[in-house]
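Note that the protein sequences, when read in sequence, are chains A and B.
Each residue of the first sequence is one higher than the last, beginning at 6 in the working numbering.
Each residue of the second sequence is one higher than the last, beginning at 6 in the working numbering.
Among the hints, erroneous ones may be present.
List of simulated lysine-lysine pairs, DSSO-like, C-alpha gap at most 27 Å [to be verified]: (1) B:315 x A:73; (2) A:73 x B:62; (3) A:315 x B:73; (4) A:73 x B:362; (5) B:73 x A:313; (6) A:73 x B:313.
Quick look at which bits of chain A chain B covers, simulated, 3 or more residues with Cβ under 8 Å [unchecked claim]: (7) 116-126; (8) 376-382.
Everything labelled a hint here was simulated from the structure, so no lab data went into it.
What you are looking at is a predicted structure, and each value in this text was computed from that prediction instead of being measured.
Ideal placement from N, C-alpha and C gives every residue a C-beta, glycine not left out.
There are 2 protein chains.
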Amino acid sequence: MAETYWDANHLEEVVSQRAKILGPTVWAAAAPDPRPVISFAGGLPDIPSLPGEILVKAARWVVDNDAKEALEYNGTFGPRPLRQALAERSSRLEGIPVSMDQVMVVSGSAHGIGIMAETLLDPGDTVLVESPNFPGSMRTIRSFGAEQVAVPMDDLGLRVDRLEEELQKLADAGKRAKFIYCIPTHQNPAGCTLPLDRRERMVELARQYNTLILEDDAYGELWFDNPPPPSLFALSGGDHAVKISSFSKVLATGLRLGWTMGPSALVSRMAAVRFDMGSSSFLGRVVGQAIRSGDMDRHIENLRGIYKRKLDRMEDGLRRYCAPYCTWHRPEGGFFLWLELPAGIPSRDVQAAANEKGVIIGQGAQFFADGRATNHVRLAFSYVPMEEIEEGCHRLGEAMAEVAARAASK
Amino acid sequence: MAETYWDANHLEEVVSQRAKILGPTVWAAAAPDPRPVISFAGGLPDIPSLPGEILVKAARWVVDNDAKEALEYNGTFGPRPLRQALAERSSRLEGIPVSMDQVMVVSGSAHGIGIMAETLLDPGDTVLVESPNFPGSMRTIRSFGAEQVAVPMDDLGLRVDRLEEELQKLADAGKRAKFIYCIPTHQNPAGCTLPLDRRERMVELARQYNTLILEDDAYGELWFDNPPPPSLFALSGGDHAVKISSFSKVLATGLRLGWTMGPSALVSRMAAVRFDMGSSSFLGRVVGQAIRSGDMDRHIENLRGIYKRKLDRMEDGLRRYCAPYCTWHRPEGGFFLWLELPAGIPSRDVQAAANEKGVIIGQGAQFFADGRATNHVRLAFSYVPMEEIEEGCHRLGEAMAEVAARAASK
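Same shape as in the complex, but just chain A:
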């Protein structure tokens, strides 16, 4: 290929500011590791329960009953039957009335978070980000030139006292946070679920400082014993929070389908910045049918049992093999266990040692909005086959023991 402006050597000269911020590296997303490893890494659903049959059955129904609409443009808000199903289901689950004009279908929650960022962020804007957090969202927010201020968490979740401090600091400087990004329920990576009193305080603070909460709820429906407290969206009466939800964890990440709920004026503004002519009408109507038939709710009920059983197995393994080297709090749902290590056992070294033994885990600065990592590792118990959990914990324990022994001999 001839030497041109469009080859790798010259491309950086012509790309946009946003592309420059992101750099040329393609973000790996949460693709499964192709090597034969025991994976505690990606936030991916359980493989044997992937709902292929539910989708084919719903697709058959849609083509038999609704083919024309399903195969045509459905507009930027998304297919009406899916929005209707989501508004009805959300009214029931959230405990506040949710109307169809508060609901927009998006191509996965990462897409929805990106649309929110596109709609609200200019370079120099400030976003408060619960820290640690999901790296993909922080990458998106950063790409729009916004400054991210890390607000730390404790074992219960976001520290609302620190949130207030940061909001006040901004107010003192004559600024305002464009939004507060958080994952209050079965947090990624920390696993914790924010208690009701802190949720209420967050909504008060959002009102008081006239800002908005972006509530990422990818894992909220996957509770094990009891449903979580009401969402920030519900507690705000739908007017100081946008809740972004996903079918990725309750159906399949490969759908790339999710939805947003928020104040209708803002949702409409988000629809107006889209250039993609809407998410898939076909997929949207297929999922809408899976909701109406009850198949999705039955599937979610089934998943709750599977993930609880996987977590139990994981905790058994950790107690057996890793207990001397780490502590953790049992999550009430979701995909993740967040292990705290003592100072002498650096999480980076544990990750490397585990990797050598064919066990992959998550750790590091990528989870932290300010890049200052704590000494934790993230274990996903969702994806690994049930049969491999104990062996994975055994190897992880050996990796921790090696790192601890090396540290002791120094």
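Position chain B relative to chain A; hints supplied.
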């Protein structure tokens, strides 16, 4: 709902520059008109031939044979089986070798054009836009703050002499076009197909002025008697053009699936700006299977006959009822007829008069990058049922006669 920053009254104060450029109106896309009208308006596929059964059959295959991968993240470039199928098929159809790393799957061609704009455009950049053109793409380009310079067309397509003038004008000012946006084959709205010599000249000019062509090929495969000349992408050897293609017109607009081909370094850069974690693995693998099974190619072959027959019926109707009031060139493929009206019969008045008779057609400044409309109307012959074409033409002829009579009586 309480008065907040996030309601309709205050929202404009906090939205991004890009959202401000776009304004609060949600773009209607090409949604079918819900009224009982005869529609010559939207660029939508024929309804009876929508490929529901092909999709369900392919979905069944994917769930039986490839469920795990289809239901997991497949990364930002898109599902490998679809990229592989597209690279092989494109190598055959384009006549140049196309490798998988030149192919990225996108959520419809509008999405692909948006990603290209995100990757390359900053406020103040210049894009040369063939005019008239598809309003959705011009809206997207405008939203990134780029200046669009209209390059006019004649009956054969883009005037390459005028393109050269504009490129030289920019060069004289020390500037460069970030890209040249065009639809060389079965153009929307003008219907024409750019001849080979002009294509070759465009590629020469792109090389000479070191810019890039963005070739929108939504309609390219829907030729009637003979395939069009080689694509600009092929003529450039794949290094001065990005070709964006869509499954919308050859399968269904409701899929929201398409693909881009271009220099691998640029395609990779486009993948790196995405925040959506890729297009649907499930849909992508379903369409990949429809390609591999031969179903898509058989479907396209069938569509060619259907659209040719619709065009024949439309031209019969126009000759019978509208010939005194307009002229046109028969397109060699695609969805559109572009009627030129004499100065005494303004296209706006014809549109209004036809609308009163229950016939909807396209016209106006929305198709023109500089907003200066010519006196044309666009008729889509693709979507209207075969049975309604003659009646539609009859009413359109009556509308034209009324407008002409009003003009004569002035």
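Status of each hint after checking the structure:
1. B:315 x A:73: holds, 19 Å
2. A:73 x B:62: It holds: about 17 Å lies between the C-alpha atoms, which stays within 27 Å.
3. A:315 x B:73: holds, 19 Å
4. A:73 x B:362: The hint holds at about 25 Å.
5. B:73 x A:313: holds, 22 Å
6. A:73 x B:313: holds, 22 Å
7. 116-126: holds (count 8)
8. 376-382: violated (count 0)
Violated hint: 8 only; the structure is consistent with all others.
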